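Trainee: Use these hints to put chain B onto chain A, whose structure you have.
Given next are the chains, with one letter for each unit.
Number of protein chains: 2
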Amino acid sequence: MRDCTGRREFITSLTKALGTSVFLAAPIISSANNLLAEKKTFTVRQIINLFIKEVAGAPFDNTVDTLKSGNPDQKVTGIVTSMFASLEVIQKAISLGANFIIAHEPAFYNHQDETAWLENDKVYRYKADLLQKHNIAVWRNHDYIHRHKPDGVQTGLVAALGWQKYYNPENRNRFILPPTTLKALIALMKEKLGIQMVRYIGDLSQSCQRVLFMPGASGGRSHIEQMGKEQPDVLICGEAPEWETVEYVRDARTKGDKLSLVLLGHIPSEEPGSEWLVNWLKPKLPGVKVTHVPARNPLNFI
Amino acid sequence: MRDCTGRREFITSLTKALGTSVFLAAPIISSANNLLAEKKTFTVRQIINLFIKEVAGAPFDNTVDTLKSGNPDQKVTGIVTSMFASLEVIQKAISLGANFIIAHEPAFYNHQDETAWLENDKVYRYKADLLQKHNIAVWRNHDYIHRHKPDGVQTGLVAALGWQKYYNPENRNRFILPPTTLKALIALMKEKLGIQMVRYIGDLSQSCQRVLFMPGASGGRSHIEQMGKEQPDVLICGEAPEWETVEYVRDARTKGDKLSLVLLGHIPSEEPGSEWLVNWLKPKLPGVKVTHVPARNPLNFI
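Residue numbers (this note's numbering), protein chains in the order written: chain A, 1 to 302; chain B, 1001 to 1302.
Next comes chain A alone, as it looks inside the complex:
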């Protein structure tokens, strides 16, 4: 899909076609500049397709990665990536002059972004109207970024943690670390991911090597199945149902297993994925301002 590529590839093609030693006469340069100027604008659809075409098996028939607001054919004035298209992030996008938000999670408080039940809700109404008033397109990039090879979220996290040498994209959730205490592991997470406080189960002096790292909210069954399969020393995840994952880990410890659990919070556990996406998009969209606006964890502790 050549129309989605940018200035750099256009120039490369042009140079190849003309040959490096050919003198470019003024009329040709002028024509090329005009073409370049045209190429600088992209529609929402083009940018979505730019990402999707990199994912095996895409587009998916069943996916939550749909356009939540805006028009796929609108010209993009700027892109904001974030974990959530929260009202704060939308306001920030408006102030940046960006009309396209790529968020990792739902816009309207449920996985499928169903809105019929919210029609009379004042918070939903305010948000939907604000998006409409400013012609802001919101696209969720969740299934695609996770199915990208390598997983964009996990790659962003690995970079943030400096865990490249422990990372195997073929088994993206398993990390075999040099022995480290649970306390040191938690301290690393807090420092590298900017986390104020975590919830955990375990003995802080316990040595951890086998780490099952499942950012986000994979759900209790997924956590439990992976723990059964991987037999980790510790599961680190974003959020987990207390009555599923948490009770399982508690029971495993009572049984005698050396298993710990760390709950980072959903947003800090995946935010580096939105930063990864900025770096992925930028070279492909010359002239388009692409900004990562952290959603930041809204929860405080007392």
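Since the hints were made in silico from the structure, they are not lab data.
In this text the structure is predicted, and so the values were computed from the model without any measurement.
Certain hints may be false.
Unchecked claim - Covered stretches of chain B (in silico footprint by chain A; criterion: 3 or more residues with CB under 8 Å from a CB of chain A, positions within the stretch not fixed):
1. 1083-1091
2. 1170-1182
3. 1247-1256
All C-beta atoms, glycine included, are put in the ideal place defined by N, C-alpha and C.
Mentor: Same frame as chain A, but now just chain B:
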């Protein structure tokens, strides 16, 4: 269902039948004692029915309140109530000589207590085998205790908090308090419910009067629909999906609403319900030892 009533009611009936001034001859007393001795034992089924018959519309066709282990016809040697039949709670029941656990939440890490997917899981296996080895019956009392009039969990909580005068069983989640700061409200929760730390969104100096109190894990949609309907100053709940309830509250605040959120943790938010159940059962089951074993919150903060 008279066979479920205990010694006290039996004696009352006997006294009424014979008249208070009648001298009870030795053979009659002996016969009555034998009857009493027989009456002291109850089956699991009898105790379940004792509760269910108090609930309007029961038994329910669709309910998660099923027997998770044990035999409904086994004689009960003692009862333990708790939020979870965790391995710790099971071990405690064994040490107390109790073979019937009434838990508020699932035994096997998912709402429906489906176990086919856990057949080869070592933690599940260990727990199921331990229950079988000691012939421990586990019954979940979730739907019934909430549908009991008044809701047993909410009544237990109201008592623990000293909120009787603010409680209307017809609208069990809404409390109109004298103006109090969010900070003071959280301090009260922590003190009365024995909570180490809570997560929250809001301004601690904000005055709260309208409290929407939804213990447990009602789910994001339920939280959001109730917030829309009740327009509270604060939602207090057990656990909530971060990407649903929490994001909604964040957006409401950005919009300008005076809305706060307090997450107590699932277990501490409902544990008083298991204590309420002990007090409900005891007078109806003379001679049966009924003990509340707190499940306690397994999560720590660092």
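Trainee: Within the assertion that chain A covers the segment 1083-1091 of chain B, do at least three residues meet a Cβ-to-Cβ distance smaller than 8 Å?
Mentor: holds (count 5)
Trainee: Counting residues of the segment 1247-1256 of chain B whose CB is closer than 8 Å to a CB in chain A, do you get three or more?
Mentor: Check passed, 8 qualifying residues.
Trainee: Would you say the segment 1170-1182 of chain B counts as covered by chain A, given the rule of at least 3 residues with C-beta under 8 Å?
Mentor: violated (count 0)
Checked against the numbered hints given earlier, this structure breaks only hint 2.
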